[in-house]
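**Student:** Using the sequences plus the hints, can you model the full thing?
Below are the chains, spelled out letter by letter.
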Amino acid sequence: MNSELLTEFTYFVLAIFVGIEVISKVPTILHTGTNAIHGIILVGAILIAANATSPLEVVLGFVAVLLATLNVVGGFVVTDRMLEMFKGRRAPAKPEKK
Amino acid sequence: MNIWIALAYLLAAVLFILGLKQLSNPRGARRGNQTAAVGMVIALLATIPLLHFTTAGIVVTILGLAIGAPVGAISARRVHMTAMPQMVAAFNGVGGGAAALVAISELLHAGTHPAFQLAFPSIFSMVVGGISFAGSAIAFAKLQGMITGTPITYAGQQVVNGLLAIAIVSLAVANLTVASQPIFFVTLLALALVLGVAFVIPIGGADMPVVISLLNAFTGLAVAASGFVLNNFALIVAGTLVGASGTLLTTLMSQAMGRSLANVLFGAFGQIQVGAGGAAATAEGKSVRAGSPEDVGTMLAYARKVIIVPGYGLAVAQGQHALKELADELEKRGVEVEYAIHPVAGRMPGHMNVLLAEANVPYEQLKEMDEINGEFPSTDVALVVGANDVVNPAAHTTPGSPIYGMPILNVDQAKNIVFMKRSMRPGFAGIDNELLYDPKTIMLFGDAKDSLTKLIAAVKAA
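If you read the sequences in order, they're chains A and B.
Using the numbering used here, the first residue of the first sequence is number 6, and each one after it goes up by one.
Using the numbering used here, the first residue of the second sequence is number 5, and each one after it goes up by one.
Some hints could be false.
Below, in silico cross-link-like pairs of lysine-lysine (DSS-like), each with a Cα-Cα straight-line distance of 27 Å or less [what the hints assert, rightly or not]:
1) 336/B <-> 371/B
2) 30/A <-> 453/B
3) 458/B <-> 444/B
4) 371/B <-> 30/A
5) 453/B <-> 419/B
These aren't lab readings, by the way, just hints derived from the structure by calculation.
**Tutor:** Okay, structure coming up:
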């Protein structure tokens with residue numbers, strides 16, 4: 006195992022713990038928020054598309070960028086719409102005390 | 005890698021983690037999503053210096069972005085709130101598809117004997133991303149009503165799926181050990197797509213929240229694997245964050261249904277039970293008390309405390325605004341109103357919360373199961389709107405029942421129960437609900453929205 010792979014593997018293992026730790030404090034109803042983050046694949050899609058040389062790579066790159074862009078943009082917008090509805094809204098004054 | 009790019013990726017990763025943390029409070033949740041979006045923009049900008057920009061490459065990159073961004077934004081904006089679950093499934097699936105394509109491109113590039121550290125994550129990303137893509141497409145089609153939401157099963161289904169999985173593993177091993185050939189990995193991708201379809205078709209509509217969550221985790225893992233392929237820190241960290249958190253969420257959701265993940269995935273839950281014994285027999289020879297909207301309206305108007313239990317039927321009938329109006333009328337009369345939200349009510353995580361929030365129901369009135377279950381004995385009326393299985397006492401009382409052991413809302417402990425349903429048809433799980441025949445239950449048949457409108461008039465008149 007070379008040192009670069011070892012470093013990457015370290016990030017990977019640590020990210021597993023961070024992911025579990027962070028999400029375990031999030032109430033179930035707000036989990037929708039993770040949907041857009043794997044849209045980071047757009048970074049990978051652009052890396053293969055913009056560096057493409059053969060026609061096949063160009064085609065694969067194009068489709069990958071298109072799909073990944075849908076994931077990022079659609080994911081963030083959909084999540085925003087859902088979470089927008091939880092923004093600071095006050096409970097109406099209760100007519101009587103509990 | 006340039007030190008500035010590495011630092012920018014680190015900043016992006018920190019923003020993703022902070023964004024996820026901010027989700028823990030409903031007030032800050034939206035800001036959390038925006039924080040993560042800022043992280044995404046930073047990661048994308050930091051990638052630019054890594055590109056060589058071949059002519060064709062730059063054209064297709066810009067074209068992909070220029071088409072994808074408006075289509076994604078507009079479809080996400082326009083989609084109706086009730087169609088959110090399938091939209092989430094669709095966006096998740098395309099992410100998995102993109103990860104698979106990135107992996108294929110790298111494999112094609114790498115020749116016949118790529119290093120194991122490149123070949124292994126490539127194949128993993130391709131297979132898992134492919135399963136996520138095809139599985140999400142089926143989940144989308146089921147939720148959209150393009151194909152039936154009930155489980156599609158056939159004899160030997162598990163065997164076929166098992167053989168598919170074995171074929172994928174063998175081909176993957178062949179590609180890693182013998183030689184990396186396009187024919188191998190294209191076949192692998194095709195098999196992964198078939199497995200994605202085969203694995204989701206026997207899963208019923210009510211289990212879709214778990215499936216969407218699992219496929220979300222799959223896409224995360226595929227993206228992380230692509231990160232190993234491209235030696236890209238941002239992909240590894242962000243993909244793993246989603247993969248790990250998604251796996252945890254999936255497990256928690258299965259637990260909320262009192263079932264193992266394996267049972268959700270392979271149990272074909274909710275298929276039409278032919279000649280099912282015990283449970284179906286209880287339906288016979290029992291009478292149901294059907295009420296008029298006026299009866300129920302009066303009962304609600306003079307109640308002290310009402311708990312509303314919403315379910316998928318409310319979303320289908322688009323009755324959330326009428327429900328809120330009814331609750332407002334009741335509160336005007338001094339009735340205490342709360343909403344009981346079962347963790348798996350609806351078709352995606354948080355479905356009911358989103359639906360009710362759209363109708364401006366204050367977040368504080370939405371109570372999770374553990375929080376509200378103790379309150380049913382002191383409740384005058386439990387109003388069940390379009391829910392069934394999540395209040396079925398068979399989960400407590402009938403050991404043979406498919407839902408036995410599932411935590412439910414203890415609606416049976418309320419003083420009066422009102423079921424708003426279209427018909428006596430059993431809920432998704434296909435099992436009879438004895439609560440419908442309980443002497444303290446009143447049935448209000450009809451479309452939830454129509455019935456709610458009539459109830460509002462009845463409460464006003466009372």
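**Student:** Hints first: check each against the structure and report whether it holds.
**Tutor:** Now for the hints, and whether the structure bears them out:
1. Straight-line distance between C-alpha atoms of residue 336/B and residue 371/B comes to about 21 Å, which keeps the hinted pair within the 27 Å bound.
2. At most 27 Å may separate the alpha-carbon atoms for a hinted pair to count; residue 30/A and residue 453/B exceed this at roughly 36 Å.
3. For a cut-off of 27 Å, the pair hint linking residue 458/B to residue 444/B stands: about 21 Å separates their Cα positions.
4. Taken as a hint, the residue 371/B and residue 30/A pair is honoured in the structure, with Cα atoms around 17 Å apart against an allowance of 27 Å.
5. Pair hint residue 453/B plus residue 419/B holds up; C-alpha atoms about 24 Å apart against a cutoff of 27 Å.
The structure is inconsistent with hint 2 alone, although it conforms to all the rest.
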